[in-house]
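In our numbering, the protein residues as written are 5 to 219.
One thing to keep in mind: the hints can contain errors.
[Said to hold, decoys possible] Derived DSBU-like pairs: lysine-lysine, alpha-carbon spacing no greater than 35 Å straight-line:
no., residue 1, residue 2
1, 132, 71
2, 71, 128
3, 206, 128
4, 169, 108
5, 147, 203
6, 71, 130
7, 130, 52
8, 169, 78
9, 54, 128
10, 71, 95
11, 93, 125
12, 95, 130
13, 169, 71
14, 87, 208
15, 208, 128
16, 208, 125
17, 44, 54
18, 216, 78
19, 130, 186
20, 54, 71
21, 95, 147
22, 87, 54
23, 52, 87
24, 108, 71
25, 216, 95
26, 132, 104
27, 147, 93
28, 147, 54
29, 186, 128
30, 169, 93
31, 208, 71
[Unchecked claim] Restraint-style ranges between C-beta atoms, simulated for each label pair:
no., residue 1, residue 2, range
32, 57, 136, 13 to 21 Å
33, 138, 85, 12 to 20 Å
34, 218, 62, 38 to 46 Å
35, 147, 55, 27 to 35 Å
36, 141, 61, 20 to 28 Å
37, 79, 171, 14 to 22 Å
In case anyone wonders, no lab produced these hints; they're calculated from the structure. Even for Gly, the Cβ is constructed at its ideal location relative to N, Cα and C.
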Amino acid sequence: MKRNEMLPNNLIAMKILILSITTLLFSFISKGQSDTAEIKMISEYGSKNKEIANLLLFQDVDYYTVKFIGNNLKNKYYTLLVKEIWNRKIKNIDTIINSKTNSKLGTSGTDTLSLTVLASKVDKNKLKLFFRFPMVGINRQYKATLSNDYSLKDVGSNEKIESNKYFPAFAYILPHIEDNWKNYCGVTQSGISIYDWGKEFKLKHYLVFEMKFED
Numbered sequence: 005m006k007r008n009e010m011l012p013n014n015l016i017a018m019k020i021l022i023l024s025i026t027t028l029l030f031s032f033i034s035k036g037q038s039d040t041a042e043i044k045m046i047s048e049y050g051s052k053n054k055e056i057a058n059l060l061l062f063q064d065v066d067y068y069t070v071k072f073i074g075n076n077l078k079n080k081y082y083t084l085l086v087k088e089i090w091n092r093k094i095k096n097i098d099t100i101i102n103s104k105t106n107s108k109l110g111t112s113g114t115d116t117l118s119l120t121v122l123a124s125k126v127d128k129n130k131l132k133l134f135f136r137f138p139m140v141g142i143n144r145q146y147k148a149t150l151s152n153d154y155s156l157k158d159v160g161s162n163e164k165i166e167s168n169k170y171f172p173a174f175a176y177i178l179p180h181i182e183d184n185w186k187n188y189c190g191v192t193q194s195g196i197s198i199y200d201w202g203k204e205f206k207l208k209h210y211l212v213f214e215m216k217f218e219d
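Modelling step: build the complete structure from the supplied sequences, incorporating the hints.
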């Protein structure tokens, strides 16, 4: 009887042991998945310095500091291109930077790549952007409508970024006008494909900046 009485306790102990081992294995697996997770884009708008923030506001400049983070970023080349969309159609594609074709730039080297972006309308029909990558800064100008309502959005912050695939990092857009209300979030958070924004929200013109990290 004593042997039979001890059996349930042994079973309980065995179940606890199995549960503990399973939990430990799951922890290791989860950690491994986290360590090899794809790349994330983390951005911050504006400046914490009040004087600089006021200057940016006065000059109507959009300013982002950005970090791309992830183990899959290590030793990857990076590309940035822009697609100019007029009346719902891509009219021009321009490569802004390709570190694979520039021996001075090469790969990211670490699990972090920093980027600063400034954007502003500088003429009645011209947009200007400045991209500061490690070791290089690049200016670009693009034709625009007469509207002063352009705004640069960090759409890549909500993207699942995978190696060797292009993703939209920024979009320089006009608002969706509804009941005399200028709506930007309704566009960027709509869940609609970025290349259908022109049709869905009647945007005459906008720019899409795509990036890719590749081997």
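For each hint, the structure was consulted:
1. 132 / 71: Since the Cα atoms of residue 132 and residue 71 sit roughly 22 Å apart, the hinted pair holds (cutoff 35 Å).
2. 71 / 128: holds, 32 Å
3. 206 / 128: This hinted pair holds, its Cα atoms lying about 21 Å apart.
4. 169 / 108: Holds - the C-alpha atoms of residue 108 and residue 169 are around 23 Å apart, at most 35 Å.
5. 147 / 203: holds, 20 Å
6. 71 / 130: holds, 28 Å
7. 130 / 52: holds, 28 Å
8. 169 / 78: Judged against 35 Å, a Cα distance of about 15 Å means the pair holds.
9. 54 / 128: holds, 28 Å
10. 71 / 95: Since the Cα atoms of residue 71 and residue 95 sit roughly 30 Å apart, the hinted pair holds (cutoff 35 Å).
11. 93 / 125: OK: residue 93 and residue 125 at ~22 Å, within 35 Å.
12. 95 / 130: holds, 16 Å
13. 169 / 71: Roughly 18 Å separates the two Cα atoms, so the pair holds.
14. 87 / 208: holds, 14 Å
15. 208 / 128: Distance ~16 Å between residue 208 and residue 128 Cα, so the pair holds.
16. 208 / 125: Distance of about 16 Å is within 35 Å: holds.
17. 44 / 54: holds, 28 Å
18. 216 / 78: holds, 13 Å
19. 130 / 186: With Cα atoms ~21 Å apart, residue 130 and residue 186 stay inside 35 Å; holds.
20. 54 / 71: Measuring from Cα to Cα gives roughly 22 Å; hence the hint holds.
21. 95 / 147: holds, 11 Å
22. 87 / 54: Within the cut-off at roughly 34 Å; holds.
23. 52 / 87: The given pair, whose Cα atoms are some 31 Å apart, holds under the 35 Å limit.
24. 108 / 71: holds, 21 Å
25. 216 / 95: holds, 21 Å
26. 132 / 104: holds, 25 Å
27. 147 / 93: Distance of about 15 Å is within 35 Å: holds.
28. 147 / 54: holds, 31 Å
29. 186 / 128: The hint holds at about 20 Å.
30. 169 / 93: holds, 22 Å
31. 208 / 71: Holds, at about 31 Å.
32. 57 / 136: 13 to 21 Å: With a Cβ separation near 18 Å, residue 57 and residue 136 satisfy 13 to 21 Å, so the hint holds.
33. 138 / 85: 12 to 20 Å: Because 18 Å falls inside the window, the suggested range holds.
34. 218 / 62: 38 to 46 Å: Taking Cβ atoms as reference, residue 218 and residue 62 lie about 40 Å apart, which means the hint holds.
35. 147 / 55: 27 to 35 Å: holds, 33 Å
36. 141 / 61: 20 to 28 Å: Check passed, 22 Å falls within 20 to 28 Å.
37. 79 / 171: 14 to 22 Å: holds, 19 Å
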